[in-house]
Structures are given as structure tokens and as C-alpha cells.
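Residue numbers (this note's numbering), protein chains in the order written: chain A, 1 to 259; chain B, 1 to 267; chain C, 1 to 516; chain D, 1 to 313.
Accuracy of the hints is not assured; some may be wrong.
[What the hints assert, rightly or not] Simulated crosslink set (DSSO-like; lysine-lysine; CA at most 30 angstroms straight-line):
1) 391(C) with 345(C)
2) 215(A) with 169(A)
3) 47(D) with 185(C)
4) 59(A) with 123(D)
5) 42(B) with 318(C)
6) 318(C) with 391(C)
7) 224(A) with 59(A)
8) 123(D) with 106(A)
9) 77(A) with 106(A)
10) 42(B) with 391(C)
11) 384(C) with 42(B)
12) 329(C) with 469(C)
13) 123(D) with 77(A)
14) 345(C) with 318(C)
15) 437(C) with 47(D)
16) 318(C) with 329(C)
I should point out that these hints are in silico values taken from the structure, not numbers from a laboratory.
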Amino acid sequence: MLLEVNDLTVRFPGASRPAVEGAAFSLERGEILGLVGESGSGKSVTALCLGGLLLPGAKVSGSIRLEGRELLQCTEKELRALRGRETALVFQEPMASFNPVLPVGKQVEEALRVHTRLSSRERRERALAAMSAAELPEPETLYRRYPHELSGGQLQRAMLAAAVISEPKLLLSDEITTALDATVQVQILDLLARLARERNMAVLFISHDLRLVRKLCPRALVMKDGRIVEEGPVEDLFRAPREDYTRRLIAAIPTRERR
Amino acid sequence: MGKRTNLFLLLGGGLTALMVGLALLGTFWTPYSPTAMGAGEKFAPPSLAHLLGTDNFGRDVFSRVLQGMGASLLIAACVVAIGCLAGTLVGCLCGYFGGPADYLLTRLCDAVTAFPSVLLALVIVSLAGRGTAQIVVALGILFIPSFARLVRGETARHRQANYIQSARLMGVSHGRILTAHILPNLWGVLGPGVVIGFNNAVLSEASMSFLGLGVQPPFPSLGSMLSDSQTYLQRAPWYALSAGMAIALLILGFSLLAEGLQRRRRA
Amino acid sequence: MKKRILALFLAVGVLSGLLGGCQEATPTDPIPSDTNGTSTQAPQKPAEIAVGIAQDLDDSLDPYHMTAAGTREVMFNVFEGLVKPDSRGNLVPAVAESYAISPDGLTYTFPLREGVTFHNGKECTFEDVLYSFQTCAADSVNSTVVAALSNVADISEGEGGVVITLTAPDPDFLSMAASVYIIPKDGTDQAAHPVGTGPFRFVSRSIQENVILERFDGYYGAKPALERVTYRIFEDGNALFTALNSGALDLVAHLTVDQVESLTNGYQVLEGTMNLVQAMYLNHAEAPFDSELVRQALCYAVDVDAMLALTADGHGTKVGSSMYPAFGKYFDPALADRYPHDVEKAKSLLAEAGYPDGFSFTLTVPSNYDPHVDTATVLVEQLKEVGVDAKLELVEWNTWLEDVYAGRNFQATLVGFDASTLTASAMLARWVTDNGKNMINYANPDYDSAYAAAQDPSHTEEEQTAYYKECLDILSRTAANVYLQDLADFVAVAPNLKGYEFYPLYVMDMSLLFFE
Amino acid sequence: MKSLLKKCAALIITLFLVSALAFLAFSLIPADPATSLLGSEATPEAKAALRAELGLDRPLLVRYWEWLTGFLRGDLGNSYLYRMGVGEMLAGKLTVTALLTAESFLFTLLLALPLGILAGSVKNPWLDAACTVLDQAAMSVPPFFLGILACYVLGYGLRLFVPGAYVSPEEDLWGCLGYLVFPALSIAIPRAAMAVKLLRSSILTELGRDYVRTARSRGASERDILLRQVLRNAILPVITFLAVSLAEIMTMSILIEQVFSIPGVGRLLLSSISNRDYPVVLAIVTLLSAWIVAVNFLADLLTRLADPRVRLG
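Chain A extracted, bound-state conformation (with noise of 0.2 angstroms):
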């Protein structure tokens, strides 16, 4: 088991109710499992603790545990260690993600900066090779290019061959295609899928879009005010759900999709 999630509850200070609230799942290696929700369910702060991300202020409880290593246990500078080697997070907005001051192959291969010794030459082939991963056209153009300069489907690629160079075990990826046209958003889909495959990477993929969840995923967890309320093999979930809440969540899918 890769990962093993126990009884996870994250408390901010001055909050009427716990953020994430008694959440316990796991993921096997390669293992793609979707997270769906509600905007504001707790699917993000889930992704964030995963990541070794302690949000400032935040009480967490519970257990972690990631290849038997217990992340709430670990000190900042282990949490360090593990970010971007063992897990790495992508987000919504890609733009806002890159710093635009730099250049974009210099964020690509910012992990392998942190957490290897590699000359910058060989940081270089490797962050190429990846973009090239990514299906990015002409990566060596693009690695000195700056942020503005690329397109939104452009930058996600970039951000998952970001993700991905390190070779990390889980993926976290939240709401990575929202930002996003809907052609362009398959297209990633297929990239994330490709990649996790090839790298036999366990994935978490976080979205508010049961639609894509189902494409992409065999496996999902549906999330509520903090709390999981679902889980099962995704067409289980469509077929069946069991709860309103699902129900609600399979009804906002255009009618046309849903069969």
C-alpha cells in the first residue's frame, strides 16, 4: 500500500466545523483515485496535507501515512525531503502557478534543483526530456521562455512535466484541467493518464467534475463538508450512488453524458 489515510482531520482556528473531518482512504501503487466535491468540501486541503503541506495555523489530526512513513510525525525539513520527490502537487490555475519572472524550463526542473545534486547541464536534458514527456512541441524553445508567453494547455503540460521529473510515487492533482478549454482538457487527461501508466505513479485526482473523474478514474471517493460521504469503483457511484449528495453532483453532468 502506498499511501494509508486514518481518521484525517484538519481544524482552522476560528472555524465553526473541522475542514476535513475523519477522512480515511488508501492508494495503491499507480493506482488512480478521484476525489470529487463541491467547491469547498475539503478536497483541497486534503491534497495539501498529503502533499507534507501543513497549512500555517491549520490543528491536523490523524494519520498519514505514505510507504509506512507517518507524515504528521515528520519534521519540516523531513516534509521538505518528501515534497517533490515522493509527491508532488499541480493546481488549478497554471498561470498563476509559474512565477512569471522566471523562465519556464527553469520551474520545470526546480525538484531535481532541490533535491539532487545534478549539474545544471544535466538538469537541462532531463527537464527537455520531460517536456517532451509532457508532449510539449519544441521544448527547447519553450525552456527559455517565460510564463506569459505560453498558453494555458501549454503551462499544464509544463506543470505536470514539473510534477513528474522527479519520478514521484503519488500525484496529486487538484482541479488541474478547470482552468482549462474542454478540448484541451482531454488532452491533459490523456497526458495524466499516459504518464501515471508509463511511471507506474499513483495519482489522487481531485475535481469537482464527476464527468472527468469517470473518465479517468476506477476508483473514487465522494467528499462532503469535510467529510467522505461515498467511495467505491466509479460506475458503481454512477450507477447506484447512495447518497443525495452524489445524486446531486451526477445531475449537475449535461443531461447528453449522463446515460
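Once you've looked at the hints, dock chains B, C and D against the given chain A.
This is chains B, C and D only, laid out in the frame that chain A set:
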């Protein structure tokens, strides 16, 4: 965050209230006449009778500081008022109508900004004599460009807005658009501009008086007191310190207040 | 900003034996009485000093174009006339070996001294003297000197030396001649690189930074002990004081008592006077100063002793008329007590003049000289006591020259006048009714006739002196101005620097200084 | 490129306006140079002659035209007072003021950058508040007061330097720079405090941006994030501020030159105004404004270079 906001507002507000209060007090009442000589010994160190000691004529430094602060505040207020009103007018017209007149006026503003302030003050002083009114006019002129630039940008931005465009289509006059639609939108940028301008005005007035161009003796001014006190720095350090600290605290109060207000708005 | 402090005081000339009084340094710290000042400097100390001066020599270094007293103060060490003044106010031979005046007062003979060379190495000849007198007569910016030289009928090389013939006798001529500095005929550009015959030669100037003089080794007289004098310019009085107090300067003159008392560096402090008449000058063409009663009331209202106590800890000399103590022959200390401080008397005089509730006026003061501003500040305060409201208006020096001095457009002003030559007429001529420099529009027939009698060469010297004294008494009696004081002049000198002497002129003689 | 040309045109127009304004100002000031040159004892004829010699009797526009064409040829005219070339006169003074400005600017940078970064990375809210109050206090002290304090405490009290013992750079460059340390600090401290405030708030804003979260998720350390990622963005508004500071510092040096008696351009400007030495004043005013305008231009250019989004846009 909440605690910090209160801290700056509290500190800044308290300090400003104290200094402005003292300045107001100084315009109506001072322990001694600020110009009366021999109110005490020459160069008497601070004591209960003379809180901040006395100067080279035996005048009470505390009384002079009080009245000097009043003068500084009054001058700064007038300067900012002139700069703000004229600047808003120029900025509004430039930003709204645009065109070559706007270009020229903008360049003129640049030119005034680039013109050494001391020279302008000296020109006005040579023309109209030294005095408080002259220095207000000189500094007022110098403060126009910064306000004009601020307002011009904001006006030009609003001019493009849909509601202005539609008002124009409906045949509303330019004057009405400016006063009813654009002017109310300017408060947001003018507010902080006024506070910063106020501080700059206090500082500029002090600089001018330091060079002997501001308030004329025997009336006290913080800048000229500071200039006079330099000679007696070793003999009567309290003289220089009182005048200098008064300027610094006046400015500090306002900038803390501004910081506090800014943080509260952001929070 | 503190510019050209004493530009008005065109102290150029010299007294011609008329001057009885002389001034000596009155040290607050003991200094040796032996001030013969020839090469006795300690060998370990480099004979260089830095002198702080409060204004740049920015008028012109050309001897005939210098206008500022501060410039003359420095260039006194570079230029000499046929005769020159000494510290006791006597004229002593310089470029001339001696001088002789014919009994009719029309012919002056100056035998030229042997071996006088200019700083450029050329020997001084009759041609140079002739050139100097001609150039000065044509070029000088000092109208008094130009007027005196227009009286010269002929300059020739006679047996005894230079012979100058006048068209009419002039008792002041010798002192005028002292201000005709001798310069080389085919000389350099004097404005940029002055060349004279004095004990120091001009080396360089750096605008608003310094002027450097060096000992002139070809000087005919006693060699100065100092090898090099650097005048450092501090146009801000506070900066000058700061530099002095920190020990960056060896000598600074014209300090105020407050500055002197703030000194903490252990320098010797010498006290003299500034040789000027500081007064509140009143424009008699303006009401209410056309009334003698009002003017007298103001004199009673002002408490000069209290003023001196406040501004200068009691230092300074009261003057009661247009004459200062260095003119011992004319100066009458009793005049200073004619109007003792008396508020009641002042009020009753004002009431009598029709101003029972006082009045208000504008007191215009040039802003460039702090002691005048300080005095004016105290004066304004004192006048309040009798209900007179004086509004202080500080103006720039140039504005003052133009509006007040030339334009006579003022009510009252507070400045100091000194003598452009050390003759009584230099102080008194200006108050004659139709004199072009009668800034205050003083018109008094008695005064005019007394002055004319004093100038009449047919009178004996005693009679002239008596007439001049009468002039002074008339000025005092009619309260022509509110006469205040001759300011105290303090000089701070490094502890081991000796030999400073006060002159009755606005000069600093560097040739007398030496290190002990 | 086109916008650059436009800016250049604006620059030239501004300079032209400044010189015209200065020229106009002098024609308005009463009391002419002849009076100040010749003093109290000169005759009216002598004054008239001098006025004619200086060309002051000719119409204003003619004089302006001559001055302008001369200026464009690099001829700054002659000082009325010193009767020497203005260019020659200014050269030495400009060196001093330039040194003072450069040193002040250097101190501003050396103080502002580390302190700003430090202030931006303080986490404790109370410490942060204390830093901000301290910073505001440093900002509020007028430079000339700081200068006076420096003279008193460091000069007299601790004897670290001798106030007034100025050495010219030609004599001893290091001695001169040494003397300028405290004047430069007096100018730099309030300026640096302003820059610190700006940098701090800029860093805080940037720290809240998404790319910081990305960097964290890659395992970058906080120090690394601050220095390598955030600073490059946070510095952009500070660059503009610092460049404009170069202009402000120059202006401030006029006052500071008074306090520390440094014979720079500022003092020459003040005395030339009161002496009515117009050629000198005109030259200084025009050069000063050229400096201010040029520095603003430079600020613009630097921002373009430092910010890839503007660089090509």
C-alpha cells in the same frame, strides 16, 4: 491580524491626536509667550518651569515648539489643500478630455516636478517677500503635479468604463459626468494621497524654514528652530532635539495612522 | 545663504593720523604681549593654518573690483598700496619708502622702495604705480575712491620718487592712496590670478571651497612665519562653527558671543569690536518717523544694555551716534547715554506726538547677517512694551541693496554702517541733505552747515574736530536713528597660534601670526 | 521601441519646459546681477555699463534663444560672478554631489535590501509590528535632523569624524568618501526605511501567490523560495522606487550639503540664486532636472529589463 490593525491605529491615532492637540493648544495658549525674551535664563536646561528648556534668548522652547507645530500643521494643511484641489482639477480635465492640451499639461507637471523646489520657493519669495503665505503658495504649486498625475490616471481609467460611455450616449453633459460620475470615484485614490501629501508638506515646510525661507522670525517654526539650534548643539542639545523630535513625531503619527488605516482596509 | 556678511562695509582706506584710538587684542585667555611675529615658529609644527571664513570671495579678486569686505579681508595680505595701515591705525610706508606732503597740501611725494618685487618676480617701477593709479581711477567700483582720484592733477616721476599733485587739498587723500593697490603694468588677469606686492602670494582658489595663499619669499619686509594659509569657506554659520569647534580650523574671526561660549575645544578667544555702527535706521520721509518726538520715543523705548545682555552677554559697545569707538578722536561715549531706557517717557513722547496707542511699522532686515537679525528680534520685543508693533521682514541682501539702500523704499531697517575709508567724513557725509547715499532722507540745515564747516580746509584740525563732534551731537539730539552698538567681534585662535592683532579695519593680517 | 521614442520626446519637451520656466523665473525676480556684483558703493552708470556688458539689456527671448543654442552646443555660458565658464565651475561641484549621491544610494541599497527581506520574512506578528513601527520612525526623521544628530552624537560625542573637516576628492578620494559617510547615511536612512516598507509589503504580497505554493510543493526551502523566487518579483516595484530615489537623493543633498558644509552643487545653486548668477543657476537647474527626468526614464527601462512581462509587451 485584528490585533495588529488596532495597534497601528491606536499608536498612530494616539500620537497624531497628541501632537495635533498640542499644536491646537499652542495656537490658543502656551505656558509662556513664544516670543517673550528672558522668560527664563538663557539656555536653561529642561526643568519643571521650562519643560524643554530655553533658547539663546531665554525663550521657552516648549512654547515655541507648540506654536511651531501649529504653524507647521496649518501650512501643511493649506499646501495639501491647494495641491489637492488644483491637482484634481488639472488631473480631471486632462484625464477626461485628453488630447494635446493633456499632453502639454502632463509635460508641464513633469517639468514642475523636475524643477528644484528650493528655486521655486526662492523665486516666489523674491517676488512677494518672505513669509508664511508665500511659502504656502510655493509649496502648493509644487504639490499640484503629484495629485494631478494620480487623478489623471484614475479619470482616464473611468472614462473608458461602460457606465460613463452609456451616460455619454444618453447625452449627459461633460460637466455633469465629471462631477456626478467621475469625482466620487476619485476619493479612493485621493485619500491615501492626501495623507502622504500631508507628511511631505510637513517635511517640505521644515526644509524651507531650515533654509530660512519659511515662517519668519520672531515667530517660531520647527525648521528654523532646528537651523538656529545647530550653533548651540553642544551647549543646549535640548533645543535641537525638541525641534527635530517634534517634526519627526508629527510625521510619525501621521504615517502610523496611514499604515493602520491601510491595514484595516486590506483586512 | 549666509552670504557676504559685511558687503556693505566697504572698509578700504586708512586713517591719516586723524585716528586717535587704537585697538589691541584683549584676550580672554592670556597671550604673550610680545607679538613681533617674525619667524619664531616651532619647527615640528608645519607653518600652515586653516582659516574659516563665512563667505566666498565671489565678487572679484581684481583689487579695483572687490566689493565685499570679506574679500578685502583676505586680499589685504596680497595687495599693498604706496602706504598701508598697521594694526594701530597708522599709515606706514609700503611700496613707498616714506612719504612727504607739501605745506599747501597739494603735492605728495612717495620715494619708491628699493627691491620691491611683484609676486610674478618683476620689479615694481614708477610705470607700475602710474598704471595702478590710472586703472583704479578709471575702473574702481568704489565711487568714493574714484571721486578722490579725480582730484589728482598729475602723477610724475620726480627726483624724490613718485610725485602726485592735487588740484585741491584733500585731508583724506593719503588714506585714499592706501587703497590704490599697486599692481604690475603688464600684469596677468587680476580677477583670476591676482598679483601684488604683499607678504603673501595668491596660489589658488576653489569656488566655495577655499582660497590658498603662500608666503611670498621675495617680500621686502619681515618674512611671515606662516608658509601657507588656507581660507576655507563656510557659507553656513553653523557649519563654520561646527568645523571650528571640531578643531578643523585654526582661526575664525567674527564669532558671536554665543558661539564663543559654546566653544569647547580650548581655543583662545580674543575680543575686539566690529568697527561699525549698528542702528535701527529710520526713513524720515515716512510717517511717523518724520516726527522727532516719535524717534526720540523709540530711543527711550529701547534698552540697549538689556539688548546687549540678551544677544551678546553684555559684550559690545554702545554708540549714541554715527561714530564707533575706533575713531577715538570723535567718539563721545556720553552720547550713548542721552536716551536712557524709560518706558514712561517713551509713552508720553508718543502721546505728545499724537500716537498715544502706539503704531505699527515694518522693520526690514537683511537676512544674511545673524547678529542683525538677532538684534532686530530683541528690538521688536522691546518696542512692544511701549505699544509699538514692529513687523520684522527679512529680505535677501540684494533686495535690501536695491529696495532699501538704493530705492529708499522702507520704513525702518536694522543694519550696520562702517567707514569706507577711516575718515570721519566716511561716516558723516551720508547724512547731508542732498547726499546720494542719504538713505534715511535726513534733512537738517544745522547738520549740513556743521558738516560743511568741518570739511572746510581753512579750519584748523581742532576746529574740524569740533565741527565733526557737533555733527554727531546733532544726529544724537534729533534722534536721527535709533543708535545701538558697535558689535563685539570675537576671534577664536588655536592654542599655540600667537600674534593675532585687531585692526581698526576689516582685515586679518596673516603676516603677524606664528606658532609657538 | 515606439513607446521608447515617445518617452524620449516627452523627456526633451520636459527639459525644454524646465529651462524656459527657469529663464522666466529670473526675468520675474527683482534685483539684478549688476547690483549684487558691484555692491553698495557703485554708481548707476557703472551698473548700466555692467548690465550692457552682460547682455542684460537685451530682450528676454533673445537671451533665451542664445542660451538655448549655446546649451545645445555644450556651451553653458559664463558665470557673471566668477567670470569663468560655468562648465568648468560645475565640474568640480558635480563630482562632489555625484559622490554624495552615489554613496547615499549605495547605503540605501545596502540597508534596504537585507532589512527589507528580513522584515518580509518575520513571522511573529508582534515582532513584525515592532519592526514596522521602527521602520516608520526611521522614515519620519528628516534627513537634516539626522545630519545634525550625527554631528552631535558621532562627531562631538564619539569623535568618529570631524564635522566640517571636508576634504575634496581631488586631494584625497578616500578621505572625501570617508567624510561623506555620515552625510550619506543621513540621506540614506529615511530613504532606506521607505524602501524597506515597500519591499516588505511587496514580499508579503508575493508570498501569498500561487507560484510560491508550487515551489513549496517541490520541496524548496523557505529561504530558497524567498531569495530565488519571491525576491525577483517583489523587487520590481522597489526598482522603480530606488531609481526615483536617485533623483530625491540629489535634491536632499542640497540640504545635507548645508548641514555638513560640503561644497557641492546644492550650495552653489543656493548662493548663485541669491547672487543672481543666472547662467550658473540655469545650468544647474537644467542639469538637475535632466537628471531627474533621466532617472525616471531609467526606472522605466530597468523595470522593463527586470520584468519579462513588460519587456516584450
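Quick rundown of the hints versus the structure:
1. For the given pair, residue 391(C) sits about 23 angstroms from residue 345(C) by alpha-carbon distance, which is consistent with the 30 angstroms threshold.
2. Restraint check for residue 215(A) and residue 169(A): satisfied, since their Cα atoms lie roughly 22 angstroms apart, inside the 30 angstroms limit.
3. Restraint check for residue 47(D) and residue 185(C): satisfied, since their Cα atoms lie roughly 26 angstroms apart, inside the 30 angstroms limit.
4. Of the supplied pair hints, the one linking residue 59(A) and residue 123(D) holds, its CA atoms being roughly 18 angstroms apart against a limit of 30 angstroms.
5. With a C-alpha separation of about 22 angstroms, the suggested pairing of residue 42(B) with residue 318(C) holds against the 30 angstroms cut-off.
6. Note on residue 318(C) and residue 391(C): the hinted pairing holds, with a Cα-Cα distance of about 24 angstroms set against a maximum of 30 angstroms.
7. Restraint check for residue 224(A) and residue 59(A): the C-alpha separation of about 19 angstroms stays at or below 30 angstroms, so the hint holds.
8. Distance hint between residue 123(D) and residue 106(A) is fulfilled; the C-alpha atoms sit about 29 angstroms from each other, no more than 30 angstroms.
9. Among the hinted pairs, residue 77(A) with residue 106(A) is consistent with the structure: their alpha-carbon atoms are about 23 angstroms apart, no more than 30 angstroms.
10. Restraint check for residue 42(B) and residue 391(C): satisfied, since their Cα atoms lie roughly 24 angstroms apart, inside the 30 angstroms limit.
11. With a CA separation close to 21 angstroms, the supplied pair residue 384(C) and residue 42(B) stays within the 30 angstroms bound.
12. The straight-line distance between the Cα atoms of residue 329(C) and residue 469(C) is roughly 9 angstroms, inside the 30 angstroms bound, and the hint therefore holds.
13. Between residue 123(D) and residue 77(A) the alpha-carbon distance is near 18 angstroms, which keeps this suggested pair within the 30 angstroms criterion.
14. For a cut-off of 30 angstroms, the pair hint linking residue 345(C) to residue 318(C) stands: about 20 angstroms separates their Cα positions.
15. In summary, the hint linking residue 437(C) to residue 47(D) is supported, as the alpha carbons are separated by about 16 angstroms, within the 30 angstroms threshold.
16. Between the alpha carbons of residue 318(C) and residue 329(C) the distance comes to roughly 16 angstroms, so the proposed pair stays at or under 30 angstroms and holds.
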